Structures are given as structure tokens and as C-alpha cells.
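Chains as they are written, first to last, in my numbering: chain A, 1 to 332; chain B, 1001 to 1813; chain C, 2001 to 2199; chain D, 3001 to 3234.
Hints listed in this document are in silico derivations from the structure and should not be mistaken for laboratory results.
Bear in mind that the values here come from a model prediction, so they are computed numbers and not experimental data.
Do not rely on the hints blindly, as some may be mistaken.
[To be verified] Restraint ranges, calculated between C-beta atoms of paired labels, are given here:
hint: 1; chain 1: D; residue 1: 3096; chain 2: A; residue 2: 75; range: 51 to 57 Å
hint: 2; chain 1: C; residue 1: 2075; chain 2: B; residue 2: 1267; range: 54 to 60 Å
hint: 3; chain 1: B; residue 1: 1447; chain 2: C; residue 2: 2151; range: 20 to 26 Å
hint: 4; chain 1: B; residue 1: 1180; chain 2: A; residue 2: 42; range: 38 to 44 Å
hint: 5; chain 1: B; residue 1: 1040; chain 2: A; residue 2: 256; range: 18 to 24 Å
hint: 6; chain 1: A; residue 1: 280; chain 2: D; residue 2: 3101; range: 55 to 61 Å
hint: 7; chain 1: A; residue 1: 260; chain 2: C; residue 2: 2127; range: 51 to 57 Å
hint: 8; chain 1: A; residue 1: 214; chain 2: B; residue 2: 1040; range: 18 to 24 Å
hint: 9; chain 1: A; residue 1: 75; chain 2: C; residue 2: 2075; range: 46 to 52 Å
Each residue gets a CB set at the ideal place from its N, CA and C atoms; glycine is no exception.
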Amino acid sequence: MSGTMAEQPRTAVSNPPVRALAANFGEQDLVRRSATGSLPAPQRQLTPVAKLIDVSKCIGCKACQSACIEWNDTDPAVGVNAGVYENPHDLTDQMYTLMRFTEWVNPETSNLEWLIRKDGCMHCADPGCLKACPAPGAIVQYTNGIVDFIQANCIGCGYCVKGCPFNIPRISQADHRAYKCTLCSDRVAVGQGPACAKACPTQAIVFGTKEDMKKHADGRIADLKSRGFANAGLYDPPGVGGTHVMYVLHHADKPGIYSDLPENPRISPLVETWKGMTKYVGLAVMGFAAVGSIVHGIFGRANRVAREDEENAEKLVDGRPVPPPASEERAG
Amino acid sequence: MTNSWTDIRNTDLVVVMGGNAAEAHPCGFKWVTEAKAHRGAKLIVVDPRFTRTASVADFYAPIRQGTDIAFLLGVINHCIRNDRVQWEYTKAFTNASFIVKEGFGYSDGLFTGYDEEKRDYDRTNWDYEIGEDGFARVDPTLQHPRCVWNLLKQHVAVYTPEMVQRICGTPQDKFLRVAQMISECSTPTRTMTSMYALGWTQHSHGSQNIRAMAMLQLILGNIGVRGGGMNALRGHSNIQGLTDLGLMSHLLTGYLNMPTEQEVDYATYMQSRQFRPLRPGQTSYWQNYSKFFVSLQKAMWGDAARAENDWCYDYISKLDVPSYDILRMFELMNQGRVNGYICQGFNPLMAFPDRGKCTAALSKLKFLVTMDPLETETARFWENHGEFNDVNPASIRTEVIQLPTTCFAEDEGSLTNSGRWLQWFWPAATPPGEARKDIWIMSQIFLRMRELYRKEGGAFPDPILNLSWNYHDPNEPEAEELAKEINGRALVDLTDPADPSRVLVPAGKQVVNFSQLRDDGSTMCGCWIYSGCFNEAGNNMARRGTEDPDGTGAYLNWTFAWPLNRRTLYNRASADLQGKPWDPSRKLLEWNGTQWTGYDVPDIGPTSRPDQVMPFIMNQEGSARLFSRGMMRDGPFPAHMEPFESPVPNVLNPRMRGNPVARIFQSDVPRFGNSEEFPFAATTYRLTEHFHYWTKHNKVNAALQPEFFVEISHELAAMRGITGGGWVRVWSKRGSVKAKAVVTRRIQPLNCDGGRVVHVVGIPIHWGFTGAAKKGHSANTLSPFVGDANIETPGFKAFLVNIEPTTPPGVVS
Amino acid sequence: MNIELSRRGLLKVAGAGVAATSVTAMGFGEAEAAVIAHVRPLKLVNTTETRNTCTYCSVACGVILYSRGDVRKGEHAELLHVEGDADHPTNLGTLCPKGAALRDFVRSETRLSFPKIRRPGSDRFEQVSWDVALDRIARLMKDDRDANFIARNQAGTAVNRWTTTGMLAASATTNETAWTTFKVAKTLGIAGFDNQARV
Amino acid sequence: MSAVVPPIPQGNAQKGDAVHPGSPVTVNRYTPMKRLNHWITAASLILLALSGLALFTPSLFFLTGLFGGGQNTRAFHPWIGVVLFLSFFIFFFQLWKANLPERTDWIWLRKIKDVVGSHEENLPELGKYNAGQKFIFWSMTALILVLIVSGVMIWEQYFTQYTSIPVRRIAVLAHSIAAVLIICVFILHVYAAIWTRGTLRAMTRGTVTGGWAWRHHRKWLRELAARRKVGPAE
């Protein structure tokens, strides 16, 4: 804990420090921690941060992808052109964010609209990945809303992939650990905004407290409505308790047209059942079977072989008469 | 740019046409989204493709590539007929009222004086009538039939909305919507900015594209105002600087010109450069030409340049042709008349048209020197890379010397951005291996040649031996020394002509700016328009003050802008004839009764009265030119001209092919295709993820766009049985390439004249056979070897191709 | 619907070398603290900041180069990271996909490091020293200039033109480099002298 | 040789089953190969249970220590699953005929209270396997099938690209439920073997006493005895 502590960031538009600063959040700010029975409550509530992506200002330039690769030192492969602009073709363990392009003809105006959405972790308030994760401390959530993967604790099982309602986490085939956007927790910790928000040329991506971002979104939505987008709105899905990455959409009534942004994302009931009821009922059932056996073993009489049985066996083998099988068994 | 990047925040309407700002200049384009967000500005995009700029536009209109002039003259026609003209601005600040000589006329797509053999015009009649007083005759009431305004009205009348649809393929309703939105900017309180780039320049009539928009902006009163202007988005970090510093065949520094063979001596040379004002009381600042020329000569050859030898006038080559531009050089090279070629950066094998011709030309060189931080295809043009560079090294006798240079992170100096800001930067990394700075390499070549000339003599050694080279270390002049040389200094004590006892600038001291330069050899200055960049106040290019009063976006204390740190050119035109700003909410300058005040360095004499001295101080007229006299080879007004390879004949004159005065080399005539053999209209362009042929060396950018592709509409794909993501062959008269196919709704077939459907094929340019990205063909394999009539910029934007599905490269079908 | 029963670990069995599952009080067991949750340390600590301009387009975005070692003090410096300069009025710290990846341009595998010569007809480059390369260039240029220099035209006017060697100046070099190149090229009389503005 | 030979009782005897006179009588129940096969299956099931439970609930995550940490647990679990599947089905193909349901099974089931109360006398004479053992056999078969199928689907390292995430969610739920059930079946199987004294030796030494056979699988014993007179089973 050396050096002064940087204050909480309220914008991404600033130059990072080069002197050592103490992180302004850490272990003591955990509000959730994967596969951890009892977690001490954090003593302070950090102001929730949020990244706002205004799809109407996004020019699809992929600066966020470049900045993300550079800041996180990842190494996405040089693939091939598959007839689309998305490269790489999907989020990968080396590509935490991705521009997704949709050519959509607006039925009302019959004008082409090129809907471009920056895909990546939504940093949900109720993270499905964390809920599904079996490895203690592999996924953590801080009180400022950041959901981070701690690769050191990750066991590479892929449960988070099943838990996430947005299909974001990716498992590396190289080190079998899960990777996703970290909301640049290392930058936020020293009072900076995420690298993508810093780089975004048109500031379609902005960063600050969640409240500020909502106010900013209101302004953007008003502007969009003035330009004829009656259904412009904020995408902050309640199904996952709201997210710390939000969108301003021209057509907030139809999120699906933006490369299948889920209409009403929530943690799948299958995952809820799997990590909830199945676990507890399962443990109970197994516990009961084990205890039941032990109790029965103690109190119930053991099923021993009697002397008479051994004698009959010997008679049978020696050909001496033995009690015949009972009639009803004859039908055997 | 006439304005600057940060000025765009002040605009009400952005027209991105002839460019793709969001993809080619994303961080500059921020100011468009800022204007939209904070001023409610609107963005219009007119382009053959629905680009990523269009994705955030308020309105998009398709257009066939090569027909921008018809579209823009259509808009001018619309503005004039609907009385949407900033009259006070147009009457005072343009040459609308000037009267043109008899004998000037226009019909069937041609102006008077056309000579088909010489492919040139006799331009003597393209001028004003000069009165006895020696000034141009004007008719302020604009009634005279031959005043410029009436000639313009008559000239644009043919470009009705129907004609625009026939030529451009733009549906009338979309054209009229654009024209209506633009015409709203004729009021003093609504300004429009034009952001364009190679989409307009890379045509055989490129200069006229820009003329058309400049004229439109003039009649709307949008030049010299905040949020207005003609903003050319330069492509490279210092392409503006290298052009300002005269690194062109026909230029010296500061846009002085190289002499021609007819200008046998300095007096003859200066005779056509008197630039006497054509209207009383006008500034016509080029009258100071000799001060800048002599100061340059003193900077080049120091004491050797004296009045007696015409300031070493003969040390400069005299041209026998308009210019030895890159097309002429590669034509000569292909004829075996060029032995050596030096590429300081640049990658001509990828960047020049008709790659087949370029490879043949380079193969005839005796020696080729390349200086680059990266591997380039040019340096390896002799290397066989299978289908991607199918040559036989043994048959190529060129000796190639590849020199490693530093890049921006390992160098120090200044770059001039699109907004004419000279910005200093500092090094932060050690060059790899033995890479050296360009300055060191050029100095070494010069010093060694000078040594050879000292020892052995040779052809005309004088300029070489006398070139001024007094630096701390002649082997590697420092950036600051060179910057001071560019700024210029006094060679002797400069005294006040009115009071000789007062010394204005002591000998050896830097001049404060070009106003102190003299033509008597008492001052030296490398580039007069840059003077002021490094004066006695220090390195103004390194200033970092972020003050911006009234949010104009001028940032006068941030670095240095040429000329004289002025941020918006012609800014006097932001005020009316009483000196009051047209739009008080966006004031730039204001006349306070005795002098001009405001938020920018006035582009006018500080005490020039608003009702007398007009804003366009570089022009002899003092006013801007709707009618450009004989200065443009292809006409004083823009007129629609089809590309040389066009899918449709020229509606105005079917016999006319391309630009009638564009230079064509004989060897290229058989290499033009026609629309029967090549039915589809192609255009080449950049993607935002790549920078020309550099970023294919960068693994990150290569991952974002890994492989060469072409873009076609669903209709064309269906017609040719092409599937998205599959391989296609695209070929023109000059060559054939293979690429992946991107099938998209962002390209639509265009319904042009006589029911012809024109299909567009989009071809990005970023792949070659070096670097981290997938090896690929290059777009310039297909493009025609013809340039703009005035400046020879190659026509990459409009030519004809054919397309069909095929097998992957290297796989014989 | 998630019945997360919070109870202390049911089977608190200390397995050999097994990290205790349940989290002890605030102190976290020392061994566990390291792996429980940590925020990656900032990678820019103790780097040298340098103001520079992006080398690509003419927006000329202000960038900050973060390197280990300070080249302006004569030390060897390795570039670690490039980011937009938030104080620059044009780009306000933003960068496009090319600018944001500048580091990988500077550290690209295909950066040239040594002078090379390809002999006529050869199919490869050979590495040479700077002196060999530069002497060779000076010799080739002087011989070509002397052989083809046009001092006067038919009319006897001094034209001093050399058209058999051309030069291309690129577009990302500094103004100071451009001025040096201008002096050398124009003094030699190279007529075919152009730059990237032509395309 | 035409003496009428009484029909040999059908007690699901298998190859290698034989009865040897002596005091006590010993009966071969499982060949060494079958026993090895059983113990491989058992060992892998136990390891799978341990590693599976480690991933099943946080409070048991410490079990990953047995495998050298979470990563190893996640890596080994599927491979052991494959071993379980292969070894079980080798076992399966040798025993499935003997485990086909018979009428006596229903009677056995109806008298489950007697079974648990070890009142064997009220039970019908049984072949080699009683209904309980058949239940264990068939439930193990079904559950292992579910486990292998769902296991492959959620095998992150190799097979996730072949299935969609919703399918994998179903698979992981199925896998969890099947795992819980198989552990219960396993507990039942182990306890039954212990509770019915003299059973373990069948799988350790391969033989049981004649009395054990007489008490629990009399029809099986009768068949072996009858075969012994006629000569080795055809």
C-alpha cells in the first residue's frame, strides 16, 4: 500500500499517472466472490461506476478494440475475411470487446441504418458468471460494480460461459482460464477510465459514476428524439439488476436488431436451478443416503449367513436332500 | 483546411462528400459529433457507398463516382433559383460583379478556345475586361449579361434535378433534400462546412470538384466564418508540411514556383509575378513575392546568392514541362529514360496506378534507393511472391539499396496538420538496430556527393558546393537548427526604412515573421509562410497553451499555425462591410472603428477599412473567384466531365471522353477499357482500421482487417453468382486481382441516364506481400494511369472492372 | 430465486495443502490474501512520459509515449505503451484504431534495422554497412548526374535540369527533414521530385 | 445315456461361476478380470465423485487439493469420466443378460420390508442377482450414459464448439442431477454390500461361501450344483 491513494474516477478523459499510487479499491471492497460461502460485508460502498456506449455516436472504427488489445497486452490472431467487417469474428480470450455490425432497413423510413454495437462484458449487478463459478475467488464483484476475473483462481471449467446471459466469457485454450473485459479495473484503481473510453474518437464510449452516465444518457436520448428517433432509450436491463455497462440505443424498443442484444436478459432459470436448488437438494439427498445407511447399519440387524445355510449348501453340493424350492417359486 | 479541426464544433451543417471523415480521420470527426451533440448540427453524406460516416449521418444520398460536379452545380443552381444566396457576402467578397471579356463561352461541355490536337485550351479570353484605369470592370448591379454572376447562372442552369439524377444516379427526392438542407445555410446565422479528401481529388477532374464546392460555399457566405470553410482532410501527418516546403516538382518553398525555360532570367521570372491589384485599394499580398524568393535563395546558397548573379537564380532548374510529376516520371522510367529513383518513405508499387506498368518501369531502373522504417513492396518489387508479385528476379537488373530509418517515436521535429498547425514532438524510443534518422541519411548523401564534386568536379557543381550547410554537426543537423533556418533571420542589421537609425532586427537574430523579410538580400528564410515558427520568442511550435476564449476552437497559444499563427483563413470575411460579424454569436473578427479585433489573427491589414479592403488578400481582385480566369486548365467554371473509363456516355457531349485537357501518355491509350468489356464502376478507398500499406505490418490492425476484400451489392452478387465470404476475381484492362467478397446493402445499384443500371464495386487498398496481414493483391493493379488536368493526381476513384466468382489465390481453377 | 444459504463451511476439513474454503475474518489468511482478489498493478509506473504526435493522418492527434528509459538523457529506451494526450485540444486524449495501436507499429517485426543491397539479378538482399551503402549511392547519383545533367537548352538558357534520377519524399517526415531534403534535391537539380500530396 | 436328466434350474449363472465342495462350500462368483473391471469402475466413480463434488459446491472445493488444485481437477475429471464410461460398459456387456428383470423381482420388491429386515426366508429363491442389484445395475447404466453425454457437452477443453450455450446449460443441470443420483446409488450399493455380510469377498477374492449363495441366491446355487453333476457348463 505505497504512495497516496488516487480518488475515484469520474471521467475517462485524463492522462494516467506514472508514479505508484495505491489502488482506490481492492479486496476490502468485495460485495460478491465466486464459490465463497461467507464473505465479510465491505465496510464502505464505493460510488458505482459505469461505462455508457452511445450507439448513435459510434462510427464502428474499432479504436476500442485496438486500445483494449494494447492496454491488456493481448494478442488476437490475424484471421481471414469472412465477408463481414467483424474481425476477429467473435469475442475471444484475446479480444475482450468487439464491434458487431448489422445492416438494418428501417421499415418506417425505408432508409438503411448501419447499426454498430460494441459488444463486451456488461458488468451486471447480478452477474451470472459469478453465480455459476465453482472456483473460490475466480470471479469477484466490487461495490463500484466492476465484475473481474481473477485468472490465478480460475480453473477453466467454463461454467461462467453457461452462467452469462450475454455470452461474453471466453476460455483460453492456452492456459485454460476465463477472460473478459475487466472494465480496466487496474486503471480505475488509480483514478483513470477504461482504455476504450479514453480512446473512443467520438466519445460514443464515456465513463464515470453510474448516476452521471444516466444523466449524460438522458441528454443523448433527448438529442436523438429531436432527430426523429422516437424510441431512443437507455439499455440498463433490470433482469440482471441493471448493468455497469449501458447502451444508448436509437431503437431501445428493439434491442435485438443490434446483433442480437438480448431483449430481457436474465440469468437462465436452468443456471439458477443448477446453482441453487439442485445443489442444496443434491447435498441433502446425498447426506440423507449416507446418514441413512450408517443409521441402518448401526440399528438394523446385519444380514448374516446362518449355519443352517452353510449346511444346506453342503448337502446340495453333495447331492443330499435339501428343502425343495417353495411352490410359487417353481414357476421361476 | 481553411479552418481547423477544432473549429468544426461551431458548424450547423457538415457535408462529407468526396471523403469519408469518420473512417479516415476518426478523431477529427469527433468535432462533427460534438457539433451534432451541442449545436444540434446536421450531417449529410453523399458517397457511392454507405460508409461508416453515413452510419452516424442525419441524411445519406448515393452518387455515382466521378459525377460530383454535376451534383454540386445542381445545388448551386437550386440555391440561385430559390434565391438562397448570401447576397451581401457574394456581391462584396466574390468576383460576381466582374465583367468577363467577349469571346468567352461554353457549349456542349466545352469552353471556347479548345484545341483537340494539343488537348488544351487557349485561355486568353477567360479573363476580365480591364478598364482604362487598369482595373477590372465591374457591374455591382449584376445586370451586365457578361458579368460573372450571370455567366454562372447560365452555366449551372442545365443542372436541373432531373439532369442530376440522369448523371449521378441520385434519386431526385434525395438530391432535393440535400440541396434544401444546404440552401438553408445561406443565412448569415447558419454555416456549413465541407469536409472532403481523396474522394474528390483522385479524379481526372479532381480540382474542379473542389472548385464547385468552393463556389457553393462562397455564394452561401461560408468561407472565413466559424464552422465554415473548405476543409481538405489531408491524408498524412505531414503531407501538408511537405507541400508547404515545396517538395514538389513544380514548387519551391511557400508555394513559390519553379521557373520555366521561358523565364530565362530573374527579371523575366518576376515580370509575371507583379500581382498588381485588379481593384483599387486591394492588398494582393503576392506583391511581396520577390522578398520571399530572395530570402529563400539566401537561405539556400547564403553569400553565393548576390544581386549580381540574380540571387543564384540559375542554380534552380528550369522546367520544360509543367511538372515532372510521378506519372510523368514513371512514364519516362518505363521508356528507360530514368536511371535512378529514391523513395524516402512512400511505397509507389502500392500507391501509384497501374501496378503492372510500375513494376515494368522499376525493372528498367539502374538503381533504386528506399528509405523506410518498414519493409515495403517497392523495396522488394524484384522478389517473386507467387500470384501476389509474379516476377523473375533474374531478369530484373535494378540495384536496390534499402536503408532503415527511424519512425516518429525515435525522431524529433515538427509536423503540420490539416489545420496548418505546426506541432513539435519529442523522441521516446531507441531506433532498432542501425536505423538512422532521415536527416542523417540525406546529410550523408549530400556530404559524400559534395566531397566527390570537390575532388573530381563534374556537371555544374556550383549549387552543390555553395549550398549553405553550417550546422553544429554537418553530419546530422539538429531539428531546432533547421527550424530556425526555416523561420529565417536577419543577415545584416535591419533598420526601419522611415528611420534608418532604428534597428528593427539585429544581424543574426530571427525575424519575428515574414513581414520583416526583404528582397535586398539582407534577410534569409527557408519558407516564408512558416516564418514566425521559431523566432526570438523561441520554438512557438512547442507551445502548449490551451486557452480558447469564446470557445472558437482557435487555441492561439497552442503551437504555431501558418501563416502568422492565423487559425481561420479569410477570417475578415466573417464580418460585413461595416466590420460587424455576420453572426454575433460566432464572432471571429470585429472592426472597432480604427482596427480589427477578435479571436484570431486578422487575415487582413490590421487597419484596413472594412468597406475598402476585401478579405481575399492573396488575390489581385481582393475578392474570391467564382470565375477563375485562366488559372485552371479545364475551365473557369467547373463542368461535368465523365471519368476516362465511364459506364455511361457524357450526357452533355457523348463524344467527349473524360477530361478533354487531361494529359494522356500515348502508351496509356490502349490501356483504357470500355463499359462493354468492363461493365461495373469501381472505386478504391481506405478502411478506418488501416493506414495505407503501413498498418498491415501491425499485428493489431491486421487482426482488425486481415484480408483483401471487395464490396458489392446483393444485386450484383446475385447477378454473378457470388456468395459473401467467397473468393472473387476482379479485373480491368490493366490487371486482375483475387479478393474475398463482402456482399452488402451499403452499396446499391444506381439508375442513371436512359435507364442504365450502374453497379458499383468497392475496393479497399491495404494489402500487399509484406507485413503481418494476409498476403493479398493490391487495388492499384486495376486503376488507370491518368491524372487530374491541373495537378496530375491519379484517378483512383472511378474506373471500370469486371467481376466473377473464382478459386482462392494459388489454386488453379 | 436463489436460496444461497450462508453458513460457515459445513465440512471444515483441513485437507493437506488445501486452502481453507471459508473466509476467515477481515484479515483473510495471509496465504489466501494473495490469490483472493487483486487488481493488476498499473503497468505505467516508473515509465518516462514523452509528448509526441501520431504518425498516421493529418488530424495529428497528441499522444503520450510511455517508455522504460529516457532517450533524451541518452539512455536506451524501450516503448511500452502509447495513449492519447488528454490535454491536446484536437483529440482530447482519444485515438483511432490505428493510433491506439502505435506501439505495435514501432515494435513491428518487419521494422528495418540494417542497410541492405540487392545486386542486379539477385533474388535476395545482402546486409551491408552504412558506409558501403551511402558511398555506393553517392557514386551512382554523381555518375548519373554528370552523365545526364542538362545545363543549357537549345536556346542556350541555363536550365540546370537533372531528369534521369527522380525522388519521392513521403509524408510522415518532419518539416525539418523536409527542408533538408528540399535543399539537397533542389540543389542537385532533381526535376522529378514529388511527395505523397501528388496521390 | 438316455436317462432323463432333470432340467437345470435357470439361475443366470455365468461363465466362470462354479461351486466347489468343502466346508464351507465355496462358489466362484466373479472372475479376476471382472473384479479388476469392477474396481477400475469403482475407483473412477469415487474419484469422479470427489472431483465432481469439489466443483459442485463451494464448501467441498477443498477436495480439489486431492488432485493438485482446481485446474488439475477440471482437467482430470473428464478423462476419468471416459475411463468410467469405458470400463463400466465393458462390465455392462458381460452382465446385462444376468440383470434382465424377472417375475421374482417384483415379488422381491413387494417384500422390501423383509429384505431390509433380513428375513430372507419370506423371499423367493433368486438367481444370481436380486431386484436391488438389478436396480443398481440399470440405474448405474442410465446415469453413466447421461453423465457421459452431458459431460462431453460441457467438456470445455474440446467439445464446447459443437453445442450452443442453452444446450450446455441443460447438459450441466442434467450432469449435476445425474451425479447426485449416481452418488446416492453408489452409497446404496456400497452399504448393501457391507450390510449383507460375506458379499465383499465376492469382489475381493471372487468367491462366496455356499451358505451365502444358499441364503441369497439359491436358484443360482442350484443351477451351479446341477451343472457340476453334468460337467462343466456347456
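Against the structure, the hints:
1. D:3096 with A:75: 51 to 57 Å: holds, 52 Å
2. C:2075 with B:1267: 54 to 60 Å: At roughly 57 Å between Cβ atoms, residue 1267 of chain B and residue 2075 of chain C fall inside 54 to 60 Å, so the hint holds.
3. B:1447 with C:2151: 20 to 26 Å: holds, 24 Å
4. B:1180 with A:42: 38 to 44 Å: violated, 59 Å
5. B:1040 with A:256: 18 to 24 Å: violated, 30 Å
6. A:280 with D:3101: 55 to 61 Å: Cβ of residue 280 of chain A to Cβ of residue 3101 of chain D: about 34 Å, so the range 55 to 61 Å is violated.
7. A:260 with C:2127: 51 to 57 Å: holds, 53 Å
8. A:214 with B:1040: 18 to 24 Å: holds, 22 Å
9. A:75 with C:2075: 46 to 52 Å: violated, 28 Å
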